[in-house]
Every structure is written in C-alpha cells, then in structure tokens.
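So the protein sequences, as listed, match chains G and P.
The first sequence begins at 1 in this note's numbering and counts up one residue at a time.
The second sequence begins at 1 in this note's numbering and counts up one residue at a time.
It is worth saying that the hints were derived from the structure and are not from the lab.
Mixed in with the good hints there might be a few duds.
Stated by the list, open to error - Taking lysine to any residue and the SDA-like style, the derived pairs with C-alpha atoms no more than 20 Å apart in a straight line are: (1) G:40 with P:73; (2) G:10 with P:151; (3) P:104 with G:21; (4) G:63 with P:178; (5) P:2 with P:74; (6) G:40 with P:56; (7) G:62 with P:137; (8) P:104 with G:58; (9) G:40 with P:55; (10) P:104 with G:69; (11) G:10 with P:108; (12) G:63 with P:151; (13) G:19 with P:108; (14) G:19 with P:143.
Here the structure is a predicted model, which is why all the values come from computation and not from measurement.
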Amino acid sequence: MKLNVKIMPKNGVLDPQGKAVENSLSQLGFKNFSEIRQGKIIEIDIDADKDRAINIVDEMCKKLLVNLIIEDYEIIFDREK
Amino acid sequence: MKASIIVFPGSNCDRDIAVSIKKLTDLEPIMVWHKEISIPDSDLIVIPGGFTFGDYLRCGSIAANSPIMNDVIKKATDGLPTLGICNGFQILTESGLLPGTLIKNDCLSFLCKTVSIRVENNETNFSKKYKQNEIINIPIAHNEGNFFANEDTLKKIKDSNQIVFKYCNQNGEVNNETNPNGSIENIAGITNEQGNVLGMMPHPERATCKITKLSDGENLFKSISEFLL
C-alpha cells in the first residue's frame, strides 16, 4: 500500500520559502500568479490494509512527520502495491 | 554535582559548554551520547546547538525522538533544570518541553553574528545574575531562529512571564529593526511554565572566554551555579 503525506505550512504562518520562490518567478517575468506556498510530500510504503495503513500513517504524522503548530497535513492514497 | 550535556550526531559547541561549565560552575560536565537510555545522576541537563541529523524533516525533530529524550522529558518534567541552546532550543520545542516552535529566519539567510539581547526576566534560575532589562551581547548562529507561537500560546507565555530574552539594539530598543530573524515579539529565549527549562537561540557558551572578546554569557552559567548551591 502506497500512501503520500502532503504537508503544507498553515495559513497565516510565514512561509519564507514560498515567498522566495514567488519573488524569483516574478523576476523571471511570470505574471498573474500569487500565493505560492512550499510544502513537502512524504511517500510511505506500508504493509497493511487501507484503513489500517491510514491510521498508522496518521499516528506517524502526529508523532514525527508534522509539526501541528505550523503545518497541516493530508494523507493521500496513492496505490495498492 | 554534575551536568549532563547531551550529544547528538551534528551537535556543536557541546565542548564549549563543557568548558564554560567547568570554568564558571561547581558542576562536573559529563557528555551523554543520544543513544543512551538514561541520564546519569545530574543536577543540570544541557542540550547544545548544532545541526542534529542534518536538520532533516524539521530542525530538532529527529533528535527530539532519540532514545535519551524519554529520560530528558521525564526529568525535565519532574523539575530538573534543563537548558537548550540554539538547536537545543529547537529540540526542546519539538519534544514538547517548551511551547511554540522555530521556523526559518524571515531574512531567508543563515545569521552568524553577535547580537544584543535584553534580559526580560531576571527571576529565573538561569538569569538571576543579570539585572532586569540588562542589555547583553551574545552570538547567534542559526537559519531557523524565528520563534513562532499561535495567539493563545503567546498569551500564556506572556501571562506566565516566560520570556527571558528579547532581541534589541545597543540601547535596548526592541522593535522590528532590532529583530534579526522575525521572531514574534523579538523573542530570543523562553522558559516553560514551571521555569526549570530554558530554551534560547543565542549561544552564551560562546561568550565566556577572553579569546572571543565576549563575556556576557558568563552570568548565565553563574546563575545556574548559584541556584544549585
């Protein structure tokens, strides 16, 4: 079972990396875009059925993968192995 | 009396802390590797700076889950004086011993310089030897020193008088211009609610020796020593 965890900075939390990317794209001449935010995706291959896998990954998020003070996360089902 | 200095892969200034402790306190420093599961009988725990585990995932997040941390959390929660410097501060927030977290500097660059900080609370066991509102010069060296906490947490921190140091200028002015990294309210160091755990981004151990021409970190170690006697 392949699951992805999408981790993004919470709304309202400063995202200097997103801001830097935004500035650089502007300098390259791109227009009509805004609100660039940078997060990360973590891929996890887990040996469990879907519901159980999601529960385990949720626990991983809360214990290590995500800092809930500044980040939101979403567990995305990728594919059966 | 002993001080346990926790050493992780990527710790730095751990030896500077040992030298400072030897010179300025009656404590004997012991280096404790992060894979140990218990801390030897100690009167103080210090978590040094550095870039533990390459700052992977989030600064301090991997170290906060090292085997030794269970005992650090237990002893700190029971009231043992615990000091986290720079990456040590990040490890303490990641482990839940201190509120808030530290995010990337708003200037987007690594900062390595001596800054002025103002002593906001000289009633802690770490700051007794300073005067209230004293302006001291201590080096910073970090990429993620931007202290962040949500409104409720910040209110609690302020209501319990947990802010110990704020970034300022030579005249003690605390404002946006004197904030090197974007920290909320220029916060450079806080304690937990009980006051026995201090996290700070500046490096006091880099300001205790003539070679560095800085000595303002000495009183932090002397404060701890005086409290423990």
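Hint check results:
1. At most 20 Å may separate the alpha-carbon atoms for a hinted pair to count; residue 40 of chain G and residue 73 of chain P exceed this at roughly 29 Å.
2. For the hint pairing residue 10 of chain G with residue 151 of chain P, the CA-to-CA distance comes to about 14 Å; that is within 20 Å, so the pair holds.
3. Restraint check for residue 104 of chain P and residue 21 of chain G: satisfied, since their Cα atoms lie roughly 14 Å apart, inside the 20 Å limit.
4. Distance hint between residue 63 of chain G and residue 178 of chain P is unfulfilled; the C-alpha atoms sit about 35 Å from each other, more than 20 Å.
5. The hinted pair formed by residue 2 of chain P and residue 74 of chain P meets the criterion: a straight-line CA distance of about 18 Å does not exceed 20 Å.
6. Our distance criterion of 20 Å between C-alpha atoms is met by residue 40 of chain G and residue 56 of chain P, whose separation comes to about 12 Å.
7. A hinted pair counts as satisfied when its Cα atoms are at most 20 Å apart, and residue 62 of chain G with residue 137 of chain P does not qualify at roughly 38 Å.
8. Only pairs whose Cα atoms come within 20 Å are accepted, and residue 104 of chain P paired with residue 58 of chain G is rejected, the gap being roughly 25 Å.
9. With a CA separation close to 15 Å, the supplied pair residue 40 of chain G and residue 55 of chain P stays within the 20 Å bound.
10. Only pairs whose Cα atoms come within 20 Å are accepted, and residue 104 of chain P paired with residue 69 of chain G is accepted, the gap being roughly 14 Å.
11. As the CA atoms of residue 10 of chain G and residue 108 of chain P are separated by approximately 18 Å, the hinted pair is consistent with the 20 Å bound.
12. Proximity of residue 63 of chain G to residue 151 of chain P is assessed by CA-CA distance (about 23 Å); at most 20 Å being required, the pair is judged violated.
13. For the suggested pair residue 19 of chain G and residue 108 of chain P, the alpha carbons sit about 10 Å apart, so the restraint of at most 20 Å is met.
14. For the suggested pair residue 19 of chain G and residue 143 of chain P, the alpha carbons sit about 16 Å apart, so the restraint of at most 20 Å is met.
Comparing the model with each earlier hint shows violations of hints 1, 4, 7, 8, 12; every other hint is respected.
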